[in-house]
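Asker: Listed here are the chains, written in short residue letters.
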Amino acid sequence: MSGGWPGVPRVGELIRDAASAARAQVTASLVTALVLATACAAILVTAGQSAATAAGIVSQIDSIGTRLIAISDDGGASGMLPTGPARLSGLSDVSWAFGLGAAVDVTNPELPADRAASRVLVGGLPPDLPLVQGRAPRPGEAVAGVDAATALNLRPALGRVQAPGADPVGVVGVFQASGPLAQLNDVVLIAEDPAQVATLRYLYVMAADVNAVDPLQHVLASSTPALNPAALTIEAPAGAIALRSVISGQLGAASRRLMALIMAVSAIVIAVTVFATTLGRRPEFGRRRALGASRSALVACLLVQTGIGALAGVLLGAAVGLVWLQASVGSLPTWQFTTGVAGLALLLALAASTPVAAAAASRDPLRILRVP
Amino acid sequence: MMGAALGARDLSFAYRRGFPPVVSQVSFDVPTGAVVALTGASGSGKSTLLYLLALMIHPGGGEVTWQGRATSRLSDAERSRLRASRMGFVFQDALLDPGRTVLANVCDSGLFAGMGHAQARARARELLARFDVAHRADHRPGEISGGQAQRVALCRALLTDPAVVFADEPTGNLDDASAGVVIDAFTDYAAGGGTVVLATHDHDLAARCDLQIRLTGDADLVLTDKEQL
Ligand SMILES: Nc1ncnc2c1ncn2[C@@H]1O[C@H](COP(=O)(O)OP(=O)(O)OP(=O)(O)O)[C@@H](O)[C@H]1O
Ligand SMILES: [Mg+2]
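Those sequence lines, one after another, are chains R and F. Oh and the first sequence: position 146 is 146 in my numbering, straight run, nothing missing. Oh and the second sequence: position 188 is 188 in my numbering, straight run, nothing missing.
What the hints contain is simulated information worked out from the structure, not anything from laboratory work. Among the hints, a few may not be true.
Between beta-carbon pairs, the in silico distance windows are [unchecked claim]:
{"no.": "1", "chain 1": "R", "residue 1": "A260", "chain 2": "F", "residue 2": "P20", "range": "54 to 60 Å"}
{"no.": "2", "chain 1": "R", "residue 1": "V26", "chain 2": "F", "residue 2": "A129", "range": "36 to 42 Å"}
{"no.": "3", "chain 1": "R", "residue 1": "G340", "chain 2": "F", "residue 2": "H117", "range": "35 to 41 Å"}
{"no.": "4", "chain 1": "F", "residue 1": "G192", "chain 2": "R", "residue 2": "R23", "range": "33 to 39 Å"}
{"no.": "5", "chain 1": "F", "residue 1": "D93", "chain 2": "R", "residue 2": "R23", "range": "56 to 62 Å"}
{"no.": "6", "chain 1": "F", "residue 1": "G192", "chain 2": "R", "residue 2": "V26", "range": "40 to 46 Å"}
{"no.": "7", "chain 1": "F", "residue 1": "D132", "chain 2": "R", "residue 2": "L279", "range": "34 to 40 Å"}
No experiment lies behind these values; they were computed from the predicted model shown. Built from N, CA and C at the ideal position, the CB exists for glycine as well.
Construct all of the structure, not just a fragment, from the sequences and the given hints.
Answerer: In structure tokens:
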């Protein structure tokens, strides 16, 4: 007379049993879930906020001109051609390019006592010289930097400027530059058709990406149209680029260290939690071993049970972390990062509970039952 | 009677190294289909012998045989599988899970045997009704009497229709009527081809068994057939 059972629990029944145990031992499940939720949320928020901080610092560094390349011909010896801006802005990796001619003093014909420098502008007014008044100039029109406009008493009515021996030019706008272009605030820029200009003294090129600056510098050395390109000086902000990579690297390392610390602390807390709750269940293990639970079945039961609490915690923690980040920094980490953190935390919880479960399951059933 | 369901060959056991053995060099066979009583004074080693026979502890020496085959070389997984699928055990103190209902406790043995949940519950309810504890199915072990707990433990042992049922003082907490139901259950079980090994102080119960194995307290034993009584 025997039921002829296989003596091995069915997987579905094992999961059902673990789920009911997780419900029955609600305190242990809640503690596991809370620990996991706190760990996940803390990691996501830390990572998200330090990424946002790093991005903020880097964009601040970028705003001071990590991507701006200046080509100059101070003495006028290299004969830089006015076709440069059009040609260079056609390159991939270049956001914009404009060229400036030699400086010529101008005055306001209405109030000729004050003077300011003017330069011919070829290639259009770039977005980094934002207008604070008026509009962008067409060929034959001028825009003044804020300081030049003040010096020449052009504000608020604008008016005209005139170079000695030349016709007056209408000023149609005032711009205010910042960062490395701020020096142009002292200058009046007179837009010209390239065909009307003999040579340029300066050419500014904005790279689309900070990583493109280095290769672009080499391209510019050979493809800037000039009669004697060898005499050109090409300057890129090497120091700023280096600083940018050092700072973003250090910020990354710091946040990785912080995350490793949070994960290590979480792992310890999880292990201690699972250990403590498991210790209290020794009689249960002994009883179930006596009923015929194998070590692996017992460990599987405990892992599934821990997993249920841990999964609930991870989901809760990820949700809280993401909502928090959305509210505080307004941007979310990638889903790969989020699922990576969640998966890692889950694995960590299971890994931490395995040795405890295995130790509890490794002795003779009666030794657990009869030795307190 | 058929061959031996299980047996002992020169079986010895001590709880601690260097202490006098609780079981020493005992040998006997338990025939299939028999109800066997282990008797002897308190502390003589009845429970210990049951644990040994049910493969819950490893003997210090000798062998427990299961259907003629030695068990000492079996892996833990194989021993567990035998316990789960072929044995039922009623502990002296019932040993129910205080956190689960009576019904869930009875179903616990089915889980490890590989029974399905629905089937286990249906059979558990049948058994609880047979031993007059069906009305306590949804109670916790803390809410039932000692005798009821013992019967619940018996239901758990019988759930999987095991080949051998071990019962440690199964009538210890029972009145005569309830004890009668339990004894009848064992007799029925044996009549159906099952084997029952029970430890008891109850002379009437022992007298109704097919075979008595009396532990003398010197880790020795005396076998008595029913016919000789
Ligand atoms: N875990 C243990 N460690 C050490 N000695 C133990 C342990 N369990 C039982 N013993 C001892 O082993 C001996 C046999 O115990 P056992 O429980 O087998 O006796 P028993 O015949 O079932 O007694 P009772 O009739 O009182 O239930 C006793 O002397 C007991 O004190
Ligand atoms: Mg006993």
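Asker: Run every hint past the structure and note whether it holds.
Answerer: Each hint, compared with the structure:
{"no.": "1", "hint": "A260(R) - P20(F): 54 to 60 Å", "in the structure": "56 Å, holds"}
{"no.": "2", "hint": "V26(R) - A129(F): 36 to 42 Å", "in the structure": "31 Å, violated"}
{"no.": "3", "hint": "G340(R) - H117(F): 35 to 41 Å", "in the structure": "36 Å, holds"}
{"no.": "4", "hint": "G192(F) - R23(R): 33 to 39 Å", "in the structure": "37 Å, holds"}
{"no.": "5", "hint": "D93(F) - R23(R): 56 to 62 Å", "in the structure": "27 Å, violated"}
{"no.": "6", "hint": "G192(F) - V26(R): 40 to 46 Å", "in the structure": "42 Å, holds"}
{"no.": "7", "hint": "D132(F) - L279(R): 34 to 40 Å", "in the structure": "37 Å, holds"}
Checked against the numbered hints above, the structure breaks hints 2 and 5 and satisfies the rest.
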